[in-house]
Structure formats: structure tokens, C-alpha cells
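One line per chain: the protein sequences are A and B, in this order.
Here full-length UniProt numbering is used: the first residue of the first sequence is 1, the next is one more, and so on.
Here full-length UniProt numbering is used: the first residue of the second sequence is 1, the next is one more, and so on.
Possibly wrong hints are sitting among the right ones.
[Claimed, not checked] Some chain A residues judged to face chain B by a derived CB distance under 10 angstroms, without partners named: (1) PRO62; (2) GLN210; (3) SER211; (4) ALA243; (5) ASP396; (6) THR399; (7) GLU419.
Simulated from the structure, these hints should not be mistaken for laboratory data.
Here a beta-carbon is modelled for each residue, glycine too, at the ideal position from N, C-alpha and C.
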Amino acid sequence: MVSSTSASVASRRRWHWAALIFAVSLLVGCVGQSPTAPTQAARALVVGATLEPPTMNPSASPAASIPQVLLYNVYETLVRMDAEGKLNPLLAQTWDVSSDRTVYTFNLNPAAKFASGKPVTAQAVATSFNRIKTEAAISAPLVEQMKVVKSTEAVDEHTVKVTLNHPSNLWLYDISSTAGIIYDPDGLAALDTTPAGSGPFVLQRWNKGQSVVLAASGSYWGTQPRLDAVTFRYFADANAMNAAMLSGDLDVISNLQAPDAIDQFNDTSRYTVIQGTTTGEVVMALNNARDSLKSVKVRRAISMAIDKKALLDTVWNGKGTLIGSMAVPTDPWYEDLTSIDAYDPDGAKKLLAEAKATNLNLKLRVPTTAYATKSAQFVESALRQVGIKVTVEELDFATWLKDVHNGGNYDMSIVAHVEARDLRRFTDPTYYFHYDNAEYNKQFEAADEAPAEELVPLMRKAVRTLADDAAAVWLFGLPNLVITKATVTGVPQNSATLSFDLAPIAIR
Amino acid sequence: MRILAFVARRLAIFAVSLLGASVLVFAVCAALPGEVAAIILGQGATQAQIDALSAQLGLDRPAVVRYAEWVGGMLRGDFGTSYFTGQSVVQLMSPRIAVTLWLVLFALLLSVLIAVPVGMLAAMKRRSWPGFVASAAAQLGMAIPAFWAAIALVLVFAVGLRWLPANGYVPFTTSVSSWAAHLVLPVVSLAIVQAAVLVRYVRSAFIEVLSEDYYRTARAVGWRPFPALLRHGLRNAALSLVTVIGLQLASVLVGAIVIESVFALPGLGSALLDAVSQRDLMIVQSVVMFLAATVLLINFVVDLSYAWIDPRLRTEVEP
Chain A
1 MVSSTSASVA SRRRWHWAAL IFAVSLLVGC VGQSPTAPTQ AARALVVGAT LEPPTMNPSA
61 SPAASIPQVL LYNVYETLVR MDAEGKLNPL LAQTWDVSSD RTVYTFNLNP AAKFASGKPV
121 TAQAVATSFN RIKTEAAISA PLVEQMKVVK STEAVDEHTV KVTLNHPSNL WLYDISSTAG
181 IIYDPDGLAA LDTTPAGSGP FVLQRWNKGQ SVVLAASGSY WGTQPRLDAV TFRYFADANA
241 MNAAMLSGDL DVISNLQAPD AIDQFNDTSR YTVIQGTTTG EVVMALNNAR DSLKSVKVRR
301 AISMAIDKKA LLDTVWNGKG TLIGSMAVPT DPWYEDLTSI DAYDPDGAKK LLAEAKATNL
361 NLKLRVPTTA YATKSAQFVE SALRQVGIKV TVEELDFATW LKDVHNGGNY DMSIVAHVEA
421 RDLRRFTDPT YYFHYDNAEY NKQFEAADEA PAEELVPLMR KAVRTLADDA AAVWLFGLPN
481 LVITKATVTG VPQNSATLSF DLAPIAIR
Chain B
1 MRILAFVARR LAIFAVSLLG ASVLVFAVCA ALPGEVAAII LGQGATQAQI DALSAQLGLD
61 RPAVVRYAEW VGGMLRGDFG TSYFTGQSVV QLMSPRIAVT LWLVLFALLL SVLIAVPVGM
121 LAAMKRRSWP GFVASAAAQL GMAIPAFWAA IALVLVFAVG LRWLPANGYV PFTTSVSSWA
181 AHLVLPVVSL AIVQAAVLVR YVRSAFIEVL SEDYYRTARA VGWRPFPALL RHGLRNAALS
241 LVTVIGLQLA SVLVGAIVIE SVFALPGLGS ALLDAVSQRD LMIVQSVVMF LAATVLLINF
301 VVDLSYAWID PRLRTEVEP
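Bound conformation, chain A alone:
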């Protein structure tokens, strides 16, 4: 009895062992497989990025993650901006401007065609521009940028006439970005999931929550790209992205989110570290509608109390540019204005005394992003040194958007304004800066409406006014920190647009 039971136990035990060995061999089998086993095209690039596009429709959402993937790669515009911030022909071969500078005539490249095979016609341009003005769910910045357009008409198949309400230099820059995308009129219904563009790449697959895969279009009308397939992989966690780069799964980190981590990529035989500038300004907004902040002396004192160089070193590992006003180095009118209200705590105290601003108590309400919360701590302690008490409040982004950005319920706030040429924002007194300066508005308008050759000197004046008036505090310009494998070439140093432009990139 006993022996028969132990025999069955023994046989069962053998079975257990067999199962265990099977399980272990399965595991080893997995480990033995190369992790990057899925078949890769010969010239495939894997790019790590932070935020996944919420939709594939660039006109439905202002999320910067959409043009990062699609602009210039899948969608094209009449004119394109290069890495130096200069405008070049793209779908338009040439353009003429009328003598009163309100009528632009674009001559389309007759070779240009959409991925569907249909030619890019003047009618397609008119449809693309008009829908921004007529459709309901168009993202707010696009509506604003295209407000100046009175009408867009197709003169003949390859000629488009755009009439503006008033001359605008910035408009031509604006249509080099999302606002100026030319859509295939046949694809408008499904833009949320299926792009309909004329670019060198097409959307192959969107793995929601994970990646967007682009493939070379094959029938592109212009210069063929030097890559066959490009995967944008998304990482909510900066460390996860760095680990993927270190383990060889990524070819490029499109923008390093933790600048402290840059030292991990010091090995130049394996990695190339590219440091440049972006269009993003980290702005400490001052609520100009608040009585306590209406005095220019108080605003200047706040700016002078903050050592921006030390802040940049503390917050962003010294990576970035000190800018001093609402312009970045790739803007044609950029000049270094950091000497205005440079760090001077004693001067700040003197200004506060002159303004009779004692016992200032300000609420600094920031979204919970790394650069904002770290900057807030620095600002709190810097302002304490000159006698300003600061209460820091961290809000999740949606709450911040409702309460601070749309509700105006704040004294000071910190956020990165990533859009290009966003100094226009200071002309709108209802915008959350609540900045209302007739002189600035006049200068901005004059620059925008001036003949093209006068744009730069006139815009410089406006930018300087913002700095002189301490309309806000410009903490730093966000750096373009790109890490690539040493075999990847052609990644431009600066990012003058929101696009991660794949055209110059190749693999050695």
C-alpha cells in the first residue's frame, strides 16, 4: 500500500521535473533569441520620443507631437523652413508678392503629387486653407494664424492666389508649419487615423500607446529619402528611453528629457551628442492684470532677483540658451538680451523699495513637468532673498490649463512655450499674460506689416520692448539635445520647427 503510493509520488515527481525543465528551456529559448529579431528593413531608423500624438490630424490638435512626426515627413507645405530658420520653396516653386504686400501668388511645382498619386493642385491648396476658416474643430493656434487670410483662390491648376486682410510677414513663416499643410482633398474625412499628404513618407502603422511607423512612400515626387522605414517609439519615462538607447534598441533620442543623463552617452565611438536650440522658451509668466504686478519696477525686480545662469545650471544641467526675451536663436530677429535686468539682487531690492512694494506675497502655480517644478523651487528661494514671499503650487497639466491658462487665476507661472514666433501672444490682453501695452502692439504690427527687408530691425524693437518692460521673465530657451548612434548622420543641430525632419538623416 505504502510502496505503491510512493511509486506514484515518484512518477509524479518525475513529471514535475519534466515540466520544470520544459519551462526553463522555454525561458532560455526566449533569452537566446535576439531581442531585435523582427525583420528590419535595410535602412530602418528607430527614434525615441516623449509624447505620442493624440491624433494623426495636425489641424485637430495643437499637440507638438503631431508635427514632430508628420510635418515635412508625411505632410508638406508651400514653403519649408530649414534648420537655420530660413524659408525655402517646397510645394511652391516660387511666389510673388503684390506691391501692397497683401496678395501672394504661389506657383506650385507641377511635379508635386500626393501619396495617393493625385497631383497637388491649386484647388487642393485652396481647400486646405479654407477648411481652417470654415470647419468647427480646428485647433486654436491655427485659426489664429490663418485669421489674416481673406481668401484663397485657384487661378489655374498650378497657381494659387492668397489675399490677406493686411500685410503680414509672419504669415509666410506660419504657413511653413502646421497651419500651411496641404491635404489631399480626397482624404479629409479620415485624417484622424490616416494622413493624406504629399511627403516622402507615408504612415505605415500606428501602434497606439507605443509607436508610429513611417515607410518611404516609394512614389515621392521630390528627392528620395535616405531611409526606408522610420519608427517613432514613445516613452513616458525618460529613464526607459535612455535604457532603450543604451541597450541598442534605439538609433536616436529625439530630445533628451533628463539632461542630467547626458553623461551616459559620453562614449563617442558609440554615440553622437548634438546640442542646439529649439523654438521653446521656458517663460515665467507674470499676471500683468494683478495690482501687485502692474508696476514695471516690481516686474523688473523679480527678473533681476533671479540668476538665470544658475537656474539653468540647477534645473537643466546647464543645457539651454539664456534668451532674455520672447525670441530664440533661430528667429531671424533674435539678439542676446540677457543683459537687460541681469542678476542683481541689490538692484532688485532698490526697485522694490522705490515701488513701495513691501510684503509681496505671490502665488507661483506651475504644471507638474520637470523643468517647471524645479524652476519653481529655484525662483521661490531667489525671490525670498529679496524679500518676496512665494507660495509654490503644483498642478497637473489639465488643471493648470483650466485654472491658470484659461482662468487667469495666478500671480506667476512657469511653462515652456514651444510654438515658433509666439511673441504675438503678448499682443492679446485676454491671453493669460494679460499684457496690455499699446506701444508694443504698435511695434509688433509695424514689423509684421512692413516690407520684408524691414521685418528684422522692426521686430527686434518689439522684442526689446518686451524685455525692457519685463512683460514676463524668460528663464531659458529649451535646448535641442539629440543623441544618435555614431552611425547616424545628418541630424541638424538646431530645431527651428516642430518637425523632426527626416530628409537630411542617413545611416552610415
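Start from chain A and add chain B according to the hints.
Chain B in isolation, oriented as in the chain A frame:
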């Protein structure tokens, strides 16, 4: 008869809990500050534009109406559509659920496979060094946060040795080996902590078994300690273990959210985080409700499984 009454009572509790959960989930979501319309339109949108889009999305209607519509839809199997993309929540979330399901399932399985032998060892040798080592290891395992274990594993096996991918996911249907390779590290990181918690329960359950008459009898007729424990103890200890595993499911799901973030897995947790930050509340509501229903269902099944594991319960209820 009594088993029917037992099942009916459990079923009633299950239904009432579901209803309570739905009210709670909806109320919490409605109380969140921030509007999805403001996020869709972006910085610079006027309040009029935001209100118009909110009305278009049906968000201007009273909360009671929206609640009734949501619950009514779920009863018909319709979990609503995403405010952000207009796609159905079911369509958006099904691939996400699959990822989390694999992760949680394998992590639970692995934690049991680790915890049962280690716990038995800790119980049998509790007065000598192997038992101490097992208990100490369990304590250590509990003290390690799952994300830390994850980062350490990535550094060693992905960055250092390059045996496994650092993160990401490949669906089962694309490549089985790649799918498995991408799951190894997440599953192990999640399982370590869960196994450590389980070991303590296994140990105390088996210590109890060691002092039972049936175990002494088995030993007396010539069974060696380990087989005796396996043959007679496992089923008895399983009763309390199943309860604990059922309870742990909730904490495994929470752990999975962290692990998904560390490993960039497109699972339910990361989808939920995105939806909360974008205030896509239809996704938030429906996913949280799905999770709550899953946990409640598991508890319901655990309750029922007592009757299956413990034959005494069966004979008692069927005289």
C-alpha cells in the same frame, strides 16, 4: 439547496458592489478639475470655443443624464467613445487589455511558482539556516519597490548583457519569441515583489499544516516530510493562499501600471494615465470600471472556489 443560496448571496453582493463602484467612479471623474475640450483645442482657445466643443461632446448636460447614459450603454455592452479621438473605448482598449492581462497573469503565475517552494522551505526549515535565508529573502523582496527591481534588471540584462530588450512590446501575433522576450523582464520585476509577499503567507499556512494530525499520520506511515507536505498540505494551505492571491490581484494591477511605465508597455495602466492627464473621462471611467469589475469578479470566483477546494464545504452544503 444551501449551495444555491450561497451562490445567490454572493451574486447579490457582486451586483451591489458593481453598482456602488460605478457611482463612485463616475462621481470622482466628474469632480476632477479640467476640461477635455480645453485640452483638445490647446493653449489660446477662447472660452466660447471651449464651451462650443464641450456642448458638441455632450458634456454640458446634467451629470445624472450622463451617468444614466454611461451605465445604460455598459449594460448593452457599449463602453462609450473617446472624447479625444472619437473611437470606441472597446476598440481602443482591447489591445491594451491584452498586454496588461499577459503581464498580470504571468506575474501571478511566476510569483506562485516562486512563493510555494520557498514558503514551504521557510516553513519546514524554519529553525535552521535555509529557513532563515528564505524568510530574510522574502523580507528583502518586499522592501524592494517593483520599479527599482525593474531598473536594476534592465541595467543588468538589457544594457549590460544585452540578452533582452530594455523595454517595448511586440504582439503575440507578430512574433512569439519576440513577444516572450519583451515580457520576461516586466514579468520578473512584478513577480519578485508579489512572490515575497506570498512567501510569508505560504510559510505560515504550512507551519499550521505541520502541526496537524493528518500530517503527523502521514509521516508516521513512512512519508518523507516534503512529499507529505505536498500530498496532504498543499490543498489545505491552498485555501488561504487563494484568498490572498485574490486580494493581491488589486495590488498586482497597481504594480502593473508602474511596471508598464518603466518598460514602455502599451498596457491598460499607461492608457489610463494618458487618459487622466488628457481628461478623456469616458476612457477613464470605463477602464476603472472594467478594473473594478475584474477585481470584484475575481473575489466572487475566489469565494466560489472555496467550495471546490475544500470538500468539507461541499459535503456540508449537500447533505
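Status of each hint after checking the structure:
1. PRO62: 3 angstroms, holds
2. GLN210: 4 angstroms, holds
3. SER211: It holds, given that the least Cβ distance between A:SER211 and chain B is near 8 angstroms, below 10 angstroms.
4. ALA243: 4 angstroms, holds
5. ASP396: 7 angstroms, holds
6. THR399: Check passed: Cβ of A:THR399 comes within 5 angstroms of chain B, closer than 10 angstroms.
7. GLU419: Holds: closest Cβ of chain B sits about 8 angstroms from A:GLU419, inside 10 angstroms.
Checked against the numbered hints above, the structure breaks none of them.
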